[in-house]
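Line by line, the protein sequences give chains A and B. For the first sequence, my numbering begins at 262 and goes up steadily by one. For the second sequence, my numbering begins at 262 and goes up steadily by one.
If you're looking for bench data, these hints aren't it; they were derived computationally from the structure. The reader is advised that the hints may include incorrect statements.
Remember, identical chains collapse to one label, so a pair may be satisfied in a single copy or spanning two.
Unchecked claim - In silico DSS-like links for lysine-lysine, alpha-carbon gap of 30 Å or less: (1) Lys498 - Lys467; (2) Lys467 - Lys539; (3) Lys369 - Lys539; (4) Lys369 - Lys498; (5) Lys467 - Lys369; (6) Lys565 - Lys475; (7) Lys475 - Lys576; (8) Lys369 - Lys565; (9) Lys498 - Lys549; (10) Lys498 - Lys475.
Please read these numbers as outputs of a predicted model, since none were measured by experiment.
There are 2 protein chains.
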Amino acid sequence: MSVQHTCVAAQRASRVLAGLPRARKDEALGNVADALARRAAEILAENAEDVRLARENRLPDALVDRLLLDEDRLRDEAQSVRALAALPDPVGQLVDGWRLDNGIELRKVRVPLGVVAVIYEARPNVTVDAACLCLKTGNAVILRGGSAAMHSNRILSEVVQGAVIEAGLPREAVSYLTPDRRELDELLEQRRYVDLVIPRGGEDLKDYLMERSKVPVIFAAGGNCHVYVDAAADLDKAVPIIVNAKCQRPGVCNAAETLLVHRDVADELLPRAVEELKRRDVELVVDKAAAEVLGDPSLKRANKTHYETEFLALKLAVRVVDSLDEALEHIATYGTRHSEAIITEDLGAARRFTAAVDAACVYVNASTRFTDGGEFGLGAEMGISTQKLHVRGPIALQELTCVKYELWGDGQVRP
Amino acid sequence: MSVQHTCVAAQRASRVLAGLPRARKDEALGNVADALARRAAEILAENAEDVRLARENRLPDALVDRLLLDEDRLRDEAQSVRALAALPDPVGQLVDGWRLDNGIELRKVRVPLGVVAVIYEARPNVTVDAACLCLKTGNAVILRGGSAAMHSNRILSEVVQGAVIEAGLPREAVSYLTPDRRELDELLEQRRYVDLVIPRGGEDLKDYLMERSKVPVIFAAGGNCHVYVDAAADLDKAVPIIVNAKCQRPGVCNAAETLLVHRDVADELLPRAVEELKRRDVELVVDKAAAEVLGDPSLKRANKTHYETEFLALKLAVRVVDSLDEALEHIATYGTRHSEAIITEDLGAARRFTAAVDAACVYVNASTRFTDGGEFGLGAEMGISTQKLHVRGPIALQELTCVKYELWGDGQVRP
Numbered sequence: 262m263s264v265q266h267t268c269v270a271a272q273r274a275s276r277v278l279a280g281l282p283r284a285r286k287d288e289a290l291g292n293v294a295d296a297l298a299r300r301a302a303e304i305l306a307e308n309a310e311d312v313r314l315a316r317e318n319r320l321p322d323a324l325v326d327r328l329l330l331d332e333d334r335l336r337d338e339a340q341s342v343r344a345l346a347a348l349p350d351p352v353g354q355l356v357d358g359w360r361l362d363n364g365i366e367l368r369k370v371r372v373p374l375g376v377v378a379v380i381y382e383a384r385p386n387v388t389v390d391a392a393c394l395c396l397k398t399g400n401a402v403i404l405r406g407g408s409a410a411m412h413s414n415r416i417l418s419e420v421v422q423g424a425v426i427e428a429g430l431p432r433e434a435v436s437y438l439t440p441d442r443r444e445l446d447e448l449l450e451q452r453r454y455v456d457l458v459i460p461r462g463g464e465d466l467k468d469y470l471m472e473r474s475k476v477p478v479i480f481a482a483g484g485n486c487h488v489y490v491d492a493a494a495d496l497d498k499a500v501p502i503i504v505n506a507k508c509q510r511p512g513v514c515n516a517a518e519t520l521l522v523h524r525d526v527a528d529e530l531l532p533r534a535v536e537e538l539k540r541r542d543v544e545l546v547v548d549k550a551a552a553e554v555l556g557d558p559s560l561k562r563a564n565k566t567h568y569e570t571e572f573l574a575l576k577l578a579v580r581v582v583d584s585l586d587e588a589l590e591h592i593a594t595y596g597t598r599h600s601e602a603i604i605t606e607d608l609g610a611a612r613r614f615t616a617a618v619d620a621a622c623v624y625v626n627a628s629t630r631f632t633d634g635g636e637f638g639l640g641a642e643m644g645i646s647t648q649k650l651h652v653r654g655p656i657a658l659q660e661l662t663c664v665k666y667e668l669w670g671d672g673q674v675r676p
Numbered sequence: 262m263s264v265q266h267t268c269v270a271a272q273r274a275s276r277v278l279a280g281l282p283r284a285r286k287d288e289a290l291g292n293v294a295d296a297l298a299r300r301a302a303e304i305l306a307e308n309a310e311d312v313r314l315a316r317e318n319r320l321p322d323a324l325v326d327r328l329l330l331d332e333d334r335l336r337d338e339a340q341s342v343r344a345l346a347a348l349p350d351p352v353g354q355l356v357d358g359w360r361l362d363n364g365i366e367l368r369k370v371r372v373p374l375g376v377v378a379v380i381y382e383a384r385p386n387v388t389v390d391a392a393c394l395c396l397k398t399g400n401a402v403i404l405r406g407g408s409a410a411m412h413s414n415r416i417l418s419e420v421v422q423g424a425v426i427e428a429g430l431p432r433e434a435v436s437y438l439t440p441d442r443r444e445l446d447e448l449l450e451q452r453r454y455v456d457l458v459i460p461r462g463g464e465d466l467k468d469y470l471m472e473r474s475k476v477p478v479i480f481a482a483g484g485n486c487h488v489y490v491d492a493a494a495d496l497d498k499a500v501p502i503i504v505n506a507k508c509q510r511p512g513v514c515n516a517a518e519t520l521l522v523h524r525d526v527a528d529e530l531l532p533r534a535v536e537e538l539k540r541r542d543v544e545l546v547v548d549k550a551a552a553e554v555l556g557d558p559s560l561k562r563a564n565k566t567h568y569e570t571e572f573l574a575l576k577l578a579v580r581v582v583d584s585l586d587e588a589l590e591h592i593a594t595y596g597t598r599h600s601e602a603i604i605t606e607d608l609g610a611a612r613r614f615t616a617a618v619d620a621a622c623v624y625v626n627a628s629t630r631f632t633d634g635g636e637f638g639l640g641a642e643m644g645i646s647t648q649k650l651h652v653r654g655p656i657a658l659q660e661l662t663c664v665k666y667e668l669w670g671d672g673q674v675r676p
């Protein structure tokens with residue numbers, strides 16, 4: 262079947278899905294959770310083949326770890342599918358409504374997007390997560406995983422598709438493309454049949470899609486996040502927040518990459534923070550002023566490239582600033598509009614920071630690590646959007662829908 | 262000044278605009294309205310030059326009419342600017358908010374997009390409309406009008422900019438590019454500084470931007486709209502709605518282009534509707550079944566191309582269908598997801614139609630001509646979006662904003 266045929270069939274299926282009541286969709290999700298348990302041996306056997314090939318091809322250990330499934334991970338996955346089923350259905354929600362002067366009753370109603378394509382790399386759990394988020398929101402999904410997880414993705418797609426068919430939903434609610442570049446290129450042309458592409462991957466994939474995709478794209482992008490310690494900070498809050506934002510899980514987009522410290526508190530804060538960071542093996546790159554405060558000439562000097570880099574590792578840039586304005590300027594220059602934090606007890610500074618910083622999430626006295634659909638109480642999500650259109654922040658259930666205006670009249674014409 | 266410099270300056274100005282209270286923005290809008298009156302002579306002199314050149318270059322009369330300003334049109338424009346100032350400010354609106362389990366207070370707040378570029382053709386009123394919509398929503402605007410209105414656009418931009426400066430707002434809140442293709446191409450690369458491009462023009466402009474723009478685009482697109490007269494229609498409602506949807510203003514996107522009639526009512530409806538349409542000089546193209554009902558062999562036969570065409574004129578395609586399903590299939594095939602209407606007294610048919618039709622606006626027993634920000638009670642708008650992401654339907658004030666999550670804590674870290 263050509264990619265276009267797959268997309269046409271997915272669009273046909275999406276029309277059926279759009280009309281389903283919640284119970285039917287949740288039944289399908291329950292079937293998915295059951296099937297993950299029932300077919301665990303099959304899934305793990307296919308996954309073992311991917312892992313074997315990955316090791317043979319000497320892929321990095323971190324990648325092999327992301328690829329690997331085991332009984333525990335499958336059980337967690339099934340659990341998260343059941344949790345998703347328990348969330349409210351956004352479809353059919355009345356977003357707004359009023360009566361026009363002429364008596365027409367206007368209703369703004371939440372409806373599925375239609376067909377959503379998800380492009381991802383070597384995490385087989387995305388196959389299940391993405392398919393289930395789309396099922397829950399009444400969208401048909403087209404999955405396109407990376408070649409390293411090919412065997413795992415194929416069996417997981419089959420498992421999900423089987424569960425969907427068992428619930429009486431159309432087979433084409435879930436489709437799967439092979440990890441072939443030409444198929445991807447053909448997919449990106451299907452604007453007539455595909456409503457949205459969501460890439461889950463690095464900057465290379467993002468650039469590729471930005472260049473080629475005719476289908477609208479929501480980028481679940483990286484984050485170059487900052488913690489700014491203000492002159493009026495409570496340092497007993499600042500130190501644990503810095504440590505948490507950098508170390509709790511350094512490889513993710515909401516981890517902090519640069520620490521900005523107001524000169525007035527640098528003498529007291531920096532030695533305390535650095536001690537805690539060093540205990541956790543964090544590598545530091547510091548500006549001249551921070552190096553002077555710390556009195557350690559062995560520290561590596563921070564430059565523009567460091568400020569621009571999302572380390573995604575136990576590495577942190579440190580810079581001393583003379584004012585809140587200088588911190589804001591730094592964040593405006595180097596930030597990627599993801600998550601930014603100020604530590605302060607000064608209400609005016611907190612208000613200025615939250616107003617002036619242009620980012621999806623702005624924190625006062627809390628760790629940037631909370632930027633997450635689950636932490637926000639939104640349930641599962643497809644990633645964090647740093648763009649401004651359609652969705653900013655977690656791409657959760659509501660963000661996988663759009664609206665439709667219904668207008669109910671009894672013969673009105675425009676004068 | 263290079264295009265990139267213009268965009269950088271606009272972004273700097275947008276940071277000031279984002280923090281302004283409503284009163285300051287409305288003051289600037291009041292100044293614009295005053296200046297349109299005070300400087301009317303200057304504006305009309307420049308406009309006369311565009312009109313003279315347009316006539317010299319033998320541009321079509323319809324285009325010259327769209328280009329032409331007079332005292333009445335300027336007075337209407339000033340009036341609509343004052344009406345815009347009277348609308349509520351969407352910026353700062355608390356969209357949602359709750360407390361997380363850990364005590365962090367989450368607020369989802371409406372904020373401006375930043376920098377909006379508007380690309381338009383020969384309507385000088387768009388200069389004022391677009392600039393004022395952006396001012397009201399706290400966005401800096403970059404205007405890029407067509408060459409036919411060059412003199413009018415330049416003076417109107419100056420008038421708006423003067424009014425903005427008079428209110429103490431940054432000059433770069435309003436910028437103007439010349440109608441130069443290279444400048445447009447450079448603008449479309451400025452993803453770092455420009456947050457949104459809105460084209461107001463035909464399909465050629467749309468295709469050009471879809472191919473080239475690195476900046477996100479919202480298309481204010483055309484509409485191939487249908488009126489479907491169901492078996493259970495009240496024909497006393499159907500006939501006036503058909504006439505209104507086709508004739509009240511045929512050159513706009515929410516006018517109907519094809520009439521679909523259920524076979525059961527075709528014998529009674531078609532002669533009545535056609536009589537009214539012919540009295541208004543509507544040219545008809547009809548399918549075989551409709552031609553038989555009407556018994557007029559001189560009627561031109563409708564084909565696929567007619568069904569695909571947005572006539573934007575006193576011309577209507579007519580097709581008899583055997584069922585609601587056939588009507589839905591026709592609309593799914595040929596519709597452009599803009600505005601679609603069913604005429605019926607059957608609740609089940611109305612519910613099926615509103616659920617199944619994939620369009621921005623779906624009408625029951627009312628004319629498609631109501632798809633309009635003003636008619637919906639949303640105030641001024643930038644056009645109608647037929648896309649699904651970010652905005653579907655009127656691009657009004659709220660749609661020119663995005664959201665930001667603010668998270669207020671007192672030391673929370675992620676466990």
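Hint by hint, here is what the structure shows:
1. Lys498 - Lys467: Cα proximity of Lys498 and Lys467: none, with 36 Å in one copy and 51 Å across.
2. Lys467 - Lys539: neither (34 Å within a copy, 54 Å between copies)
3. Lys369 - Lys539: neither (54 Å within a copy, 36 Å between copies)
4. Lys369 - Lys498: between (44 Å within a copy, 24 Å between copies)
5. Lys467 - Lys369: between (33 Å within a copy, 27 Å between copies)
6. Lys565 - Lys475: This pair counts as between: shortest inter-copy Cα distance 25 Å, intra-copy 34 Å.
7. Lys475 - Lys576: neither (38 Å within a copy, 32 Å between copies)
8. Lys369 - Lys565: Answer is neither: 47 Å inside a copy and 32 Å across each miss the 30 Å cutoff.
9. Lys498 - Lys549: Intra 25 Å, inter 78 Å, cutoff 30 Å: intra-copy only.
10. Lys498 - Lys475: neither (47 Å within a copy, 41 Å between copies)
Checked against the numbered hints above, the structure violates hints 1, 2, 3, 7, 8 and 10; every other hint is satisfied.
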